[in-house]
Structures are given as structure tokens and as C-alpha cells.
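Protein chains: 2
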Amino acid sequence: AKKKDFSFSNRGKTLEDELNETNDYYLQLGLAVIHKKPVPVQIVKVEYPSRSAAVIREAYFRAPSTTDYNGVWNGRYVDFEAKETENKTSFPLKNIHDHQIHHMSQVVKHQGLAFLIIRFSSLERYFIMRFEALEIFWNRMITGGRKSISLEEIEDTAVEIMPGAFPRIDYLPVLQNL
Amino acid sequence: AKKKDFSFSNRGKTLEDELNETNDYYLQLGLAVIHKKPVPVQIVKVEYPSRSAAVIREAYFRAPSTTDYNGVWNGRYVDFEAKETENKTSFPLKNIHDHQIHHMSQVVKHQGLAFLIIRFSSLERYFIMRFEALEIFWNRMITGGRKSISLEEIEDTAVEIMPGAFPRIDYLPVLQNL
Ligand SMILES: [Mg+2]
Ligand SMILES: [Mg+2]
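Line by line, the protein sequences are chains A and B. The UniProt record's numbering numbers the first residue of the first sequence as 21 and each following residue consecutively. The UniProt record's numbering numbers the first residue of the second sequence as 21 and each following residue consecutively.
These are computed hints drawn from the structure, not numbers from a lab. In this text, all values refer to a predicted model and were calculated from it rather than measured experimentally. Be careful, since some hints might not be right.
Repeated chains share a single entry, so a pair holds when one copy, or any two copies, can fit it.
Simulated pairs of lysine-lysine, DSS-like, Cα-Cα distance not exceeding 25 Å [as the list claims (entries may be wrong)]:
#: 1; residue 1: K65; residue 2: K33
#: 2; residue 1: K108; residue 2: K129
#: 3; residue 1: K57; residue 2: K167
#: 4; residue 1: K103; residue 2: K57
#: 5; residue 1: K33; residue 2: K56
#: 6; residue 1: K167; residue 2: K103
#: 7; residue 1: K33; residue 2: K129
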């Protein structure tokens with residue numbers, strides 16, 4: 021019979037779950053203060069029932085103008101986007117919005133650390149790619165080149181993170197060398 | 021007849037409006053990358069009408085676990101909360117949540133800049149108080165002392181910002197000396 025080893029699997033967790041756990045761990049241990057930003061919504065209608073909490077009855081998702089995570093580590097400003105793909109051979113750049121690229125480029129100009137965390141969900145492999153590398157592949161695309169980054173290119177230009185238990189996705193040590 | 025000079029008035033704008041304008045100005049001029057975080061909501065029900073955008077039909081406001089604004093300036097992590105009061109003689113501390121105090125204290129531990137921007141709306145006066153000063157008044161309250169900061173204490177421990185046109189609330193120069 022086929023057996024699957026779940027010891028290092030993500031057990032149905034999203035990358036966001038894994039990163040929230042990781043950031044909670046960092047916060048508890050006083051290693052960094054990094055939070056996921058709330059999903060931006062445009063609130064149109066709110067009801068105020070007596071004796072209970074306000075209920076939002078009509079709202080719409082807005083396009084985020086920044087990345088999903090930011091905070092402070094070791095005196096540095098840290099800013100990143102996290103993306104997962106089921107693709108086994110490349111990371112499709114359509115997952116990233118151009119305003120997020122613009123945002124990360126501004127962060128880097130102000131000496132912040134900006135990067136992308138990629139999960140290849142089918143492969144259970146995780147990579148951290150600094151913005152400066154991502155930007156090269158992005159520019160290749162907008163000048164007519166391929167619309168994805170091959171796994172081999174990612175292996176060459178990003179740092180692989182081996183998933184663990186506590187913390188799940190230990191990305192802070194990688195930042196030392198970014 | 022009584023005349024009011026509106027030349028420097030905020031013309032019905034909220035402090036959030038004024039700070040968003042200020043941050044846009046900083047962003048356009050490449051001076052800093054600071055954004056307001058979206059309001060955190062717990063989304064319960066979403067409808068997906070065909071041919072139109074998803075509509076959130078039930079959601080609730082969640083307590084924020086951080087402050088409202090953060091970003092990067094000059095390589096530094098910047099984090100602040102903004103509060104306005106109609107009070108003319110003091111700033112009531114009930115406007116601030118204890119998890120926000122906790123958050124700002126962690127930011128300072130990681131060498132970020134954490135502060136409070138206060139608008140006395142009736143007086144049209146604006147102050148920037150670094151967290152280290154706010155913490156003293158907060159601790160006075162939780163050890164049984166007064167539940168507000170008097171205007172005189174604010175004048176002594178914070179820096180006043182004179183509102184202008186572009187940018188409206190020019191807080192970056194103050195950070196040089198915080
Ligand atoms: Mg995202
Ligand atoms: Mg607030």
C-alpha cells in the first residue's frame with residue numbers, strides 16, 4: 021500500500037496559515053514584529069442592531085495597494101508578499117499585481133527589505149526571493165519574455181527554506197544574508 | 021459679525037483624511053512609504069453574483085492588533101497611531117487600546133520608531149508624541165492615576181506640528197529628532 025509521510029506536510033494549511041503561525045512564534049519569542057495586513061474592503065452598508073455588534077451588510081473587496089506582510093526585525097523594515105502555486109515546474113507571474121511590484125521597489129529605495137515567499141504546494145518546497153531578483157523576471161515579462169519563473173531559475177536566484185515545526189517557515193535567518 | 025478664518029482649517033476632514041493626503045504626498049515625492057492599514061473585518065458571508073464583483077453580505081469589525089499606520093522612512097521602520105479628540109484640555113487615554121500599547125512597545129524594542137499623532141480638533145492643534153512618553157502616561161493610568169494626558173503635559177512632552185497645505189501634517193521632519 022502507498023503511504024504518505026505527513027511528518028513534514030502542511031496538512032491542508034494555506035501558506036498564509038503557515039506564515040501567521042511563524043509570525044506569532046517570532047512575536048512570542050521577541051524575534052520580530054511582523055503582521056499580515058487585513059484584507060482591504062470597501063464598506064458600503066453597516067447595520068447597528070440594538071444590543072449587538074455592528075454588522076457589515078454590503079462591502080466589496082478592494083485591490084491591495086501594498087504587499088500582505090510587513091513589520092520590523094532587527095531595526096530593519098521588512099515587507100513581503102506570499103504566494104503559493106500548484107504548478108510543479110514554474111511560478112506564474114500573473115499571481116503578482118504590478119502595484120505590488122511598484123510598492124516593493126519603493127520599499128527597497130528606502131532601504132527596506134522586500135521579498136517574495138513562494139510555496140510550491142505540490143512539491144512542498146518553499147523559497148524566499150528578494151525583490152531585486154524578482155524584478156529581473158518581472159522586467160523580462162513586461163518586455164515580452166516568459167510570464168513565469170522556472171523552478172530552475174528560482175533554485176538559482178532564491179534561497180530555499182526547509183519547512184519545520186516551530187517555526188513552520190523560518191525565514192528570518194535568511195534575511196541575515198539577503 | 022463673527023468671522024472664522026478657514027485658511028488653515030481642516031474643512032471637515034478627519035485626521036485620517038489628512039494623514040492619507042500627507043502619506044500620498046510623501047509617496048509621490050519619494051520621501052517615505054507609509055500606508056494606513058485596512059480596517060480588520062471578519063468576513064462571514066460572501067455572495068458571488070454572476071457577471072459582477074463578489075459582495076460581502078455579512079462581516080464584523082475586529083479589534084485591531086496593531087496601530088493604523090506603518091511603513092519605511094530613511095531605512096527606519098515607522099509605526100504610529102492617530103487619534104483625534106474634541107476635548108480642549110486633555111487627551112483621554114480610553115482612545116487607545118492596550119494591545120496597541122503592547123504593539124508599540126515591541127516596535128520600540130526592535131528599534132522601530134513608534135509614536136502617536138494627536139489632533140485636538142476644536143483647537144486645530146496637532147502633536148506628535150513618541151511612544152516612550154505615551155508609555156509614562158499610560159503607566160500612570162494603569163497604576164491608578166489620571167485617565168488622560170493634560171494639554172500642558174502634551175505641550176511639555178510632545179512636538180507640535182503646524183498644519184499646512186502640502187503636506188497637510190508634515191510629521192517626517194519631526195522624526196529626525198525623535
Ligand atoms: Mg496577497
Ligand atoms: Mg485607530
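Hint check:
For the identical chains of this complex, K65 and K33 are inter-copy neighbours only, at 21 Å across copies versus 32 Å inside a copy, given an alpha-carbon limit of 25 Å. Proximity of K108 and K129 under a CA criterion of 25 Å is satisfied in neither setting, with 33 Å inside one chain copy and 41 Å between copies. Proximity of K57 to K167 under the C-alpha cut-off of 25 Å is found in neither arrangement, the shortest distances being 27 Å within a copy and 30 Å between copies. For a Cα distance limit of 25 Å, the shortest separation of K103 from K57 qualifies both inside one copy, at 15 Å, and across copies, at 20 Å.
Taking the closest pair of Cα atoms, K33 and K56 come within 25 Å of each other only inside a single copy of the chain (16 Å); across copies the shortest separation is 29 Å, beyond that limit. When the C-alpha separation of K167 and K103 is checked against a cutoff of 25 Å, the pair qualifies only within one copy, where the shortest distance is 15 Å, while the shortest distance between copies is 45 Å. When the C-alpha separation of K33 and K129 is checked against a cutoff of 25 Å, the pair qualifies neither within a copy, at 34 Å, nor between copies, at 31 Å.
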